[in-house]
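Can you make the complete structure from the sequences, with help from the hints?
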Amino acid sequence: MFNSLSERLNDTFDRLRGKGRLTEADIVSAMRDIRMALLEADVNFKVVRDFVAKTKERCSTSEVMDSLTPAQNVVKIVLDELTELLGSTESKLVLGNRIPNVIMLVGLQGSGKTTAAVKLAYLLKKQGRSPILAAADVYRPAAADQLSALGSEIEVPVFRGDGADPIEIARGSIREAVDTMRDVVIVDTAGRLQIDEQMMQEAVDIKRAVKPDQILMVVDAMTGQDIVNVVSTFAERTDFDGVIISKLDGDARGGGALSIRAVTGKPIKFVSMGEKPDSLEVFYPDRMAKRILGMGDVVGIIEKA
Amino acid sequence: MGLFDALSRGLERSRETLNEVFYFGGEVSEEFWEDLEDTLVMDDMGAEIAMKLTDELREIAARKNLKTSRQLRCALAARLEDYFVPSSCDPISQTPSCVLFVGINGAGKTTTVGKIASKAVAAGKRTVIGSADTFRAAAIEQLDIWGERAGVPVVKRTRGADPASVCYDVLDEADRIAADLVLIDTAGRLHTSADLMRELAKVVNVTRKRAERMRAGPMAVHVVLVIDATTGQNGLAQASRFNDSLGLDGVIMTKLDGTAKGGIALAVASKLELPILAVGVGEQVDDLQTFDAGDFSRALVGTGEE
Ligand SMILES: Nc1nc2c(ncn2[C@@H]2O[C@H](COP(=O)(O)OP(=O)(O)OP(=O)(O)O)[C@@H](O)[C@H]2O)c(=O)[nH]1
Ligand SMILES: Nc1nc2c(ncn2[C@@H]2O[C@H](COP(=O)(O)OP(=O)(O)OP(=O)(O)O)[C@@H](O)[C@H]2O)c(=O)[nH]1
Ligand SMILES: [Mg+2]
Ligand SMILES: [Mg+2]
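Respectively, the protein sequence lines represent chains R and G. Under this note's numbering, the first residue of the first sequence is numbered 1, with each subsequent residue one higher. Under this note's numbering, the first residue of the second sequence is numbered 1, with each subsequent residue one higher.
Source of the hints: derived by calculation from the structure; they are not laboratory data. Some clues are possibly wrong.
Stated by the list, open to error - Stretch-level coverage of chain R by chain G, calculated; a stretch enters the list once three of its residues show a Cβ under 8 Å from a Cβ in chain G:
{"id": "1", "region": "28-42"}
{"id": "2", "region": "102-115"}
{"id": "3", "region": "130-143"}
{"id": "4", "region": "186-198"}
{"id": "5", "region": "223-233"}
{"id": "6", "region": "252-258"}
Built from N, CA and C at the ideal position, the CB exists for glycine as well.
Put into structure tokens, the structure is as follows:
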């Protein structure tokens with residue numbers, strides 16, 4: 001559907017070929033291409049503005065202006081800068097020494113929290129941990145049934161409590177973990193809008209009750225410009241520790257990820273690549289940067305083969 | 001509460017930024033047009049449409065000599081409204097009708113089926129729901145609860161069953177009780193998954209074939225795409241792939257009660273010439289509104305309360 005940035009830049013510079021050295025105006029038109037590519041990838045427009053300003057400076061050096069392959073040079077610079085912005089090194093799940101450890105998931109409706117909870121449980125189980133899942137979403141019809149069904153598929157117990165009070169369920173799940181010798185509790189919570197004061201307060205109350213070692217926010221890879229409003233409020237209220245980007249198995253560029261990092265400074269920890277329990281993968285900034293630019297997830301594909 | 005009010009709540013922030021854009025004394029500056037374009041991009045219309053709209057408004061402003069904030073705002077709302085296509089038929093109220101709800105994972109299909117069922121019952125329509133999501137954990141239980149809320153029977157099989165068979169069953173049941181409206185929930189799937197898209201095409205085909213042979217005469221089958229208002233530019237790829245595979249009759253946009261502006265609806269409506277049939281504004285049974293292009297456009301631009 002979209003041309004990748006490198007194709008676009010090549011087109012732009014091809015039109016200018018034969019002129020010899022690139023001019024200031026050529027750089028301006030390249031920046032327009034970069035702006036469009038990032039906006040089409042759903043990078044927040046304010047982030048785009050700052051990014052383009054910064055990149056422009058680096059591209060206006062003689063190294064680029066006099067180069068025989070200016071398009072490649074520009075793409076390389078953009079890729080470097082994007083990778084840097086996304087967080088330069090991969091950032092894994094940090095668990096504390098306390099037993100049980102508590103992980104809490106938050107996010108908008110339908111973002112993928114419940115399946116992510118199960119995926120995390122699956123991952124931890126493979127690492128030799130013994131997780132338990134807590135069904136603290138009492139609003140969505142059959143939310144606890146969903147968690148129970150998925151939990152039994154991966155043979156991880158699910159604590160449902162009284163099915164009525166999310167804070168009590170979360171608290172009870174910790175007692176249950178102690179009683180049944182489980183060392184990690186993963187708390188699934190209801191989807192909530194960041195402007196729903198009552199529901200945001202509930203998330204804060206759950207956090208107070210169970211003092212999670214990690215709060216992870218699950219964000220749909222297809223989210224558009226509104227992402228910055230959403231994540232900044234969640235960051236303010238819950239001070240989450242990291243992000244899981246879900247539904248990256250599609251063709252969404254996932255520019256929202258960049259915006260989250262730029263706006264909240266919170267690291268992206270995992271990407272989710274499907275509906276199955278084993279589809280959670282560690283996040284790599286360089287691959288994400290390539291994806292945002294439409295250069296494909298080459299490394300990921302090679303590794304999978 | 002009408003659509004305008006419902007949307008205005010969630011769209012408050014967007015209006016604030018538009019208010020900033022539209023607040024100017026004297027001449028309309030170059031900066032105004034740049035800010036306007038940015039604001040439209042922020043609404044998820046996509047950079048291309050944002051640029052086009054800005055150019056159009058510029059041209060209209062010059063031609064009609066529009067200078068005040070109010071004039072420009074009204075002109076923009078009117079122009080936005082033109083981007084939407086009116087719906088030639090309403091598959092939900094023009095019964096007898098069978099509607100399949102399709103879309104990517106978590107968009108709001110099951111919830112929307114539940115809301116529409118309740119509305120239909122209140123309008124005196126004999127309604128039946130089919131659970132053709134046999135994949136997702138507890139999808140059937142979830143739909144059952146919505147069926148109970150609406151007081152409508154839910155036709156289902158066990159998890160893992162063939163979804164096309166469920167559609168067959170639900171039309172048998174509809175035939176038996178002479179239903180006016182059949183609502184079929186399908187499993188969420190990404191438009192990029194060729195296998196799942198093929199499966200869905202089969203589901204739609206089986207439904208069409210069976211609906212032709214209803215005792216009361218052929219029943220019209222419609223396919224409606226459910227799309228989340230927070231969706232960015234990928235929404236266009238989603239809509240066009242679902243449209244290519246299934247031939248869509250319209251779109252329902254959910255989660256407009258948040259702060260997302262749903263500009264992608266405008267992109268989808270105009271590029272694919274699809275009508276927006278309804279919008280979801282919450283998780284409760286009453287949180288569904290019929291779509292009105294004028295209200296939506298005015299709410300986006302913030303006219304009407306100066
Ligand atoms: N293709 C794909 N689907 C996913 C992924 N993650 C989640 N899903 C699907 O997205 C839908 C929503 O996922 P849930 O885990 O129920 O989302 P949630 O955030 O718990 O939703 P609520 O509890 O309603 O707020 C389900 O159909 C999942 O199977 C992913 O990485 N890829
Ligand atoms: N705020 C808000 N939430 C909504 C709206 N519509 C649906 N939801 C919520 O979004 C989540 C997903 O809704 P579902 O109806 O399960 O979505 P789905 O498309 O059936 O999901 P899958 O079957 O997993 O693909 C649930 O938590 C719903 O309560 C809406 O208009 N506003
Ligand atoms: Mg959930
Ligand atoms: Mg569903």
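Quiz item: Are 3 or more residues of the region 252-258 of chain R near chain G, judged by a Cβ distance of less than 8 Å?
Solution: n = 4 at 8 Å, threshold three: holds.
Quiz item: Are 3 or more residues of the region 186-198 of chain R near chain G, judged by a Cβ distance of less than 8 Å?
Solution: Per the Cβ count (3), the hint holds.
Quiz item: Are three or more residues of the region 223-233 of chain R within 8 Å, CB to CB, of chain G?
Solution: holds (count 7)
Self-check item: chain G covers the region 130-143 of chain R, three or more CB atoms within 8 Å, holds or violated
Solution: holds (count 5)
Quiz item: Per the coverage rule (Cβ-Cβ under 8 Å, at least three residues), is the region 28-42 of chain R covered by chain G?
Solution: holds (count 6)
Quiz item: If you look at each residue in the region 102-115 of chain R, do at least three have a Cβ nearer than 8 Å to any Cβ of chain G?
Solution: Per the Cβ count (5), the hint holds.
Comparing the model with each earlier hint shows no violations; every hint is respected.
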